[in-house]
Every structure is written in C-alpha cells, then in structure tokens.
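A.B. asks: Residue numbers (our numbering), protein chains in the order written: chain E, 1 to 455; chain W, 1001 to 1343; chain U, 2001 to 2298.
Bear in mind the hints are in silico, worked out from the structure with no lab data behind them. There is no bait here: all hints are sound.
Computed list of lysine-lysine pairs in DSSO-like fashion (alpha-carbon distance at most 30 Å, straight line): (1) Lys2061/U / Lys314/E; (2) Lys320/E / Lys79/E; (3) Lys2061/U / Lys303/E; (4) Lys406/E / Lys2061/U; (5) Lys1138/W / Lys207/E; (6) Lys1138/W / Lys182/E.
As the structure is a computational prediction, the values presented were derived from the model and not from experiment.
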Amino acid sequence: MKTIRTVTKTALVALALAGAASLAPATNFVSSAHADEQYFPLQSYRVGPYAAGGTGFFGGFIDYLNLINTRDGGVNGVKLTWDECETQYEVERGVECYERQKSHPGAAAWNPLSVGIAYAMIDRITTDKVPLITVNHGRTDSTDGRVFPFVFPLLLNPYSETSGIVNYLASREGGLEKLKGKKIVVLYHGSPYGKETIPIYELLAQKYGFEVQQIEVPHPGNEQQSQWLTIRRAKPDYVVLRGWGVMNPVALKTAQKVGYPATKIVGNVWSNSEEDVIPAGDAAIGYTAITTQASGTDYPIVKDIVKTLYDQGKGNLEDKQRIGSVYHNLGIVNGILNVEAIRIAQEKFGKRTLSGDEVRWGFEHLKLDEGKVEALGAKGLFHSINVSWDNHEGEGYVTFQQWDGKKWKVVSNWIAPDWALLRPIIEKSAEAYAKDKGITLRTAADAETVAARTN
Amino acid sequence: MTTNALRPKTLPSWLLLVLILALAYAVIPLFGTGYLIEAIMLPFLALSLAGVGLNLLTGYAGQVSLGSAAFMAVGAFAAFNFNLRVDGLPLLVSLVAAGLTAAAVGIVFGLPSLRLRGFYLAVSTLAAQFFVQWALTKFSWFSNNNPSGVIDAPTIRLAGIDMTSSLGRYYFALIVVSLLTLFAWRVATSQTGRNFIAVRDNETAANFIGVPVLKTKLLAFGLSSFIIGIAGALWAFAYLRTVEPAGFNLDRSFQILFIVIIGGLATIRGAFLGAALIVVFPVVLSRVGSLVFGSMFDSGTLDMTQRIVLGALIIAFLILEPDGLAALSHRLRLWRQAPAPAS
Amino acid sequence: MADFDYLFFLEVLTGGLLSGVMYSLVAIGFVLIYKTSGVLNFAQGSILLFAALTFVSLTEKGVPFALALAVTFAAMVAIGIAVERVVLRPLVNKPPITLFMATLGLSYVIEGAAQLLWGTQVHGLDLGIEDIPFEFHGILISTFDLFASGVAAVMVVGLLLFFRYTRVGLSFRAVADDQFAALAVGLRLPRIWATVWAASGLVALVAGLLWGARSGVQFSLSLVVLKALPVLVLGGFDSIAGAIVGGLIVGASEKLAEVYLGAFIGGGIEGWFAYVLALAFLLVRPSGLFGQNRVERV
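Could you build the full structure based on these sequences and the hints that come with them?
C.D. replies: As structure tokens, this is what we get:
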C-alpha cells in the first residue's frame, strides 16, 4: 500500500504543479506581433446532449472563417484566428471558457449559441466591451440596443419567431383573417425557453381570433404519450412544436403513434434540423419547420466552401453528408454576419485588428440587403439583415422547410414577422430592465462614440 | 467510518489555519488573476460550502441525499425574492432568510427519513430534486415573471460598500463561507454532532441510549439544507450572476455528493479538498490536454476523455482511499512526521 | 364536469400501462444485479446507451441485424466481466453507498467511452415495426408499444424459467439468498457476478433497442434510468415481479396524473409525479410492494 500512496502522492503533487502552471492566464497564445489578426473565441459544444447542433454550427462557423482566410487572405489582410473551449452546453463551463479566453488579444465577438451561457455573460461582456452574438435566439429584450449595447440577437428573437410562425400558418390558410376560429396547440419544452413565448401567442390569438392551447412536455421529453393523447382529443388544426433536443424526434414519433399527421405540425427554430427529424424515421415525413437560413449545398458560398476546404481535406465537419445541413448553414450565415461586421467596421476605423467596441459599431451598421447577400454568394441562403444601433435583431426574414425523408425543401416565400407589433413590448421590457439596473438609455450619438483600442 | 469524525476542527495546528486564512484573505486577492478568482475561486467557495452542508447530513448523520442541488436552488431563488420584494432588507439578512427557507423545505423532504433508510431514502430525496426544479420553472412568481425564467443577481452591497466587482464578490463569498464553516464546525463538535454520528452508526442503539432520533434526523436535514441553501445563493449571486432552475439539476446534486465522498465523509476540510478537485481538475485537464494535444483532437474528444478520467478517478478514489482526500492528507502528514516502519 | 370521457380515460390508461412495461424493462436490469450482489447499478442507463449506440452504429455501417446483435451482446459480456474485475472485486466489503457511488463513476466512464467510440451523432433506430395505431373498441393502442410489451413478457418469462430451472439460475438465487452460504457450497462468486452483469447487459441491450426505436438513439437515452428508480422503489429492488407491477403502476399513474391532475396545476408534473408517488407509498410500506422486509434486532 505504501507504493500506492507514494505514487498517488507524487501524482497529486505533479498534477497540482501542472495545474498551477496552466492556470496562469493564457500567455502562450500566438501573439499578434507580426500580421494583424482578429480573434474569435469559440465556446463550442461538441459533446453532451446537444452535440449534434454544436458540431454543425461551430463546424459551419469555422469553415467560413477558414474560407475567408484561405480564399481571401483574411478580411482586408487581417487574418482570422479562433480557438475552441468545450462547454458541454453548461453555464459554468461557458463562464470558465469566457474567463480563460478573454485575455487573448483582438477578440471580435462572442458566439456561444446557448441562452444560459449568454445570460451569464451579459454583465461581463458589457464591462469588457466585446459584442455577444446570439443568432436566432437570446434574450428578447436585448433587441433594444438602447439598453443592451453589446448584445445582438441577430436575425430572429423568440417573439419574432412566434410571429413568423403565425404568419406562415395564416398563409397556409389563405390569409390572416382566415385564422379566426382555428385551433392551435403549442407543445413546449418544460423550461424557461419553452415558456418564453406563451404571452406572445396569447397576444396574437387575441388579435387574429384563433384559439391557442399550451401543453408542456417535461424535460427531457423522452415520454410524450399523455400530451399527444390530449392533443388527439383536442383535434387542433395545427400543432406548433417548440422543442429542444430529444423532445423533437420523440414528439414526431408519438404523433405518429396517436395518428396525428406530421403535415399539420410546424416546428420552431430549435426543432428544425436534420438531427431533430432523422431519429424519427418516417414519422417525420411531411413535417415543416421555420428557419432563417435554407438548407442545401446549392448556394455559391457553400459550393465555395466545399471546393476550397473540403476538397482539400480542410473542412471542419467530420461527416461530409452534413454539409449544407440546417446547423451547418446557420454556422456559415453566422460567419458571414460576423465577418461583414468586421469588414464594415474596418472601413471606418482602418484595416487592422479592431477593438471590441469598434466591432460593436460594425454590427450596429450591419446592413446587408438582398443585393449584397447575392454578392456574398448567399442568395436564397438567407434573406437580408438590417441592424441599427437600437435594433439589434436586424429584421431577419424567415422561411419554412418541409422534410421529405431525406432532406429539407423550402415550401414558402420569405416571410416577415410583425415587428411593428412586437417592438413596443420589447421596449417596455428593456426599459424595465434598465430601470432595475440603473442603466441610462443610450442615444444615437452615444452609439457612434467608440472606445479607443486598449490592446 | 474514520475516527477523524470525533476529532475537533480538522486542522492539527493553529498555524495551518492562520496560513490558510492568510492565503485566502490576502495572498489570493493580491496576486490572483481575474481568471483565478472568477473561474476557480468563486465556484470553489460556493461548492465547498454546499459540500460542508451535505457533509453534515450524509457524512455525520448518515442520511443519504441526492437532492442537494434542489436546496441550492431554493436558497438562490429565495434570496433573490427576499432581496427583491422586501424593501431595504440588507443582503446578509436576505441570505439568512434564504437559508431558513431552504431549511424548512429540507425538513419537509427530510420527513421520509423517519421511516426510510439507505437507497430508499436516496431515491426519495430525488423527489425533492425533481419537484423543486419543476416548481421553480412552473410558477413564474419565483423568477419575478421574467419571460425567460432567468434571474439576474442584484448588486451586492455589504454595509453600504458596493461589492459587485470581482474582488468584492470574492470577499463577500469568502466571509460567508468562513462564518458558515465555523458554524458547521461548532455543530459537528457539539452534542448535536455526536448525536448525528450516533444515529449514523447505529440508530437502534442510539435510540436505546436516549438520543432523540427523530429530532436529530430532522435537525440534520434542517441544518444541512440551511447551509446548502446559502451556498446556492452564493453560487447565483457571487459567481454566475444569473440563475435558472436548469443549473441546479441532478448532475449538480451528484457533483456535490462526489465532493463530499472524495473529500472525506464526516470531516469539515473534506468538503474543501473535494471541491478543489472537482473544480480544478477538469480545467487543468482541459488546459494540459490542449497544450499537449492541441488541435490534433477536437475539443469534443478531449472532453469525453475527461469524462472517462473523472469517472475512473472517482472509482479509483473509492477503491484506494475510501475515506477521501481528508484521510489521505492526514495520513501523509503522519507519514512525514514519523518514519514508517520497514515493510 | 359534464360527460366523463371514459374512452379517453381508458386510452390514457392503456398507453400508460404500455409505457410502464418499457420502464419495467429497464428496472429488471437493476433487479438482476441488486438481487445477486446488493449493488444498485446506476450505470445501467449508460450501459443501455452503449448497447443501443453500438448496435445502431454497426447496422448503419451495413452489418446485418443478427450479427450486430451478437457483436453487441459480446460487448455487453465483456463490459460485465471488466466491471466485475475492476470495480466490484476491489470494493467487495464496502458499504452499499460506496458501491452506488462507484457505479455513478462507472456511468461517467461508459458514457464517455460510448461517445468517444461511436461519436455524438443522433441516430434513428428502425426495428421494422410500423407504428400505425389501431383502434380497439374505440381506444387507440400503439402497435409498437404492444410489440415492446410482448418482447418484455417473453423476456420476463425467460428469466423466471431461467432462475427456476437452470443451474446457473439456481446459483444466482443462492447467491442472492446468502452469499456466505453460497461460497460454502462451492459457488464461485466472481464468476457468478460477471455472469449476472452480462445478463443484465443483455436486458439493457433489449431495453436499449426498444427505447432507441421509440425515441431515437442519443445521449439522453441514458436518462431512462431516472424513470426506473421509482419503479424499483415501488416494486422492491430485488424482485422481478415487483419491477413489472411497479412499472405498470408508475406508467399508468404518471400518465393519468399528467392528463387529469396536470390540467389543474398546469402540466409538466410527469417529471416528479412518479417519485412523489413512490415516496408516499414508501411511507406506508417502507420496503416496497415485493421487497424483503428488514427486521431490526436490538
């Protein structure tokens, strides 16, 4: 036993020393001494229950950054760098990654793709003055740039998503007036994310005269028997699936079990990927879901990525079948948004490494109309974006795709959510937050003031 | 169980305690980096406090609980609500009130211990875990009707000083942890502590000699949940600055139980040693891993390897050093003091 | 309330009973191990995940069904032997909670190994059963669930026959009854434990395949273990019959509660209802329906 103790003791001491050494803030990163570089800290998740989404999204994001470096030599000569820190989608891991990565110079923006982690970071990034991008999700009231200068729920926030879905259902019925008297069930994930849109459904139901019923599925959603039997009994015209993770395929399978047609089920933005439908097998055929970026490999930019990276063996995804999937394309679009923000900021501040605040300015002037989107090779991939200093969402358009058993096919035009209806609600909520925290509302002039670079 | 349990405060000498306090109150704030404080010390403090609390229940009193995270959640949300809804309540008072709330909930869910033992009790504490998580999510009153159900921590003000900065939160957490550890030590070394141990070791015999078994068990649940509740409030207020019920899930309960078991049941310092390992080890492994292997393996592979190593480490500890790190450190000290006989 | 919808009630009840059978499947794996070695194997969920992942990954690579099944079973046996040698043997005389903790650590190891080996993708699992619902006197019944119950029934009958009539089965029961007496009679405990873990691995494989077909094969599959625990509490940790009855009770009451009680409280109570039910039950009968009563001697 003595040798075991000695070995254990030595091992512990060695571990402690290694630990102490490696706990020092990262000083061994490649310094931007020679060429200018812009750094993207990636709090990625490639393991854990949501790994499939994470590998797709971060794969696409990295692919796009790689493409810019390889094909264009960076953004106006400024190379893009990044590194990954695994969070497993857990909040404290995300925070630890943040603390670890933030000492790296030249950080452009944070892209955690996790609501929990984003919330925990809001205070921190506001102090550190680096933008936080929560594409397609995030804190709804962070759309109001007067209160949240550094948080950007690009393209879509939960309220817009709801409005988009209702508008689509209306288009299926033949117009918003035709929604009157219809019955919609929202099957939501038993978590704050799931509950978040309940008030908006109520509001829209009142406005357009349809009946809405909210049914909860407790996390993680392996079992949905009673919920779907209840749905079957209620005989709604549509079921909106506001799911997450395993809840999605189980919902589709259970729907089949009780005989509710998949064609009447519409999924939200976190129930819209291949990973959500493939495990459901043929129960998913005919299921429709919202998306801000279309799937497929036919777009010039995706083809570019395949040619420049994957054909040379430099692509990030392990499984080439996943190129062009929903999450992969989301990563690519996110890449486009981040890089264009940098490009726009560089026009103003100089073609060099930018500070976080300068990148923030860039995001606040990120206006890509359909022409610009086409020039970037993304026509049809996503519609447009129009960020301004007080609208951090950017009025993203949505479309809907239907699963045919093998892939997603776009079945709708680009639809605009009812931003005018939602804006006052968002402003009210943001103002309440500002009052609570003692934040003064920004003005347009404030937004134009940019802090000088400190690193 | 280890005979350490009957020994007073686990440090063998004055000096060691003073050194540790000096390290915590002076050295670390002076020389520690932001990373050390934000990402290592703050979670360490919160988790060790939770470990101290759980140790009273599971280590000293022998009542197995798998629902500690639920009590952390109660503490966090209670502290938030007291602070929010009762005007002018000092933060420390809110913390104590939160602890008392958690204690009340703990006693309610501890009632089954009057009839159940072992695994049955463990499984029934899971009822607490799932019920509390559900209730906190379902009733939006708890999170002040925030549409996302996530609560933002308030500014931390102690005696008029704003302590929301990194160092401020560190000192805040440190003071709370020091006070409560002292409290736990007093409990452990008092008659109550001895009652706990008696009930743990042989309930029938304890009953026979006059230990009020029912009261003792409920007291164990109450005191333990009090401390764990405040640990939860620290976790939310000092460390993460936001909190949602999902952060207090079953994995967290298991994490705290690991801390207590690896650190050493029925010792106060065990909680700190265990928490240190649990907090630091994954970080160290990830850093060392990325240094050595770099981009050869993606972060996912690295992480899975970590999971395997952590699991293996737990098994190894249970096999090789079942009384935890506390016993190991104790034995190392003895080993160094007296030369071991030739074997 | 106007007309009580009896048909709907029966529908929910039937669905619940069938779900309950799925829970029992998982619980039986626990029972096997607990009965013979007193260990509550929390790693059962990860083993289930590992079995399902292995099978699905093999079939996706083109390996025929039967061969994939055989290879997976072999892997289960290997795991059983390894666990007995590396984890159980060194911990032989430790208190049950230590063993439970060890299985917790084990679950981490197996989960990590499963994902390292087979990746973190989600997979669909098609067992070839069309889940077209059919109506029986106006009540909707799921074809797949019926099939699963059939499989479970076959397995249970097989196990019961095994325990009663085969030598290996008898030795299991001997060890479950009294370890020292079994030793005295000449039974080799390590070998028996390894066999038990392998048998439990087989049960996990069947459960894994059925659950995987029901809800897809991915990481959260290992969470079914959380549903099995109340079943064990109700039915007793060491009784197969108890696991079945417990599963039926849990499945049925959970679904009925969600539909009828949940309507008042707002839904989502399925997550904790089974636990609270088990708790309430335990307060009346502290060792479950079929469990063995512990006698206290002063």
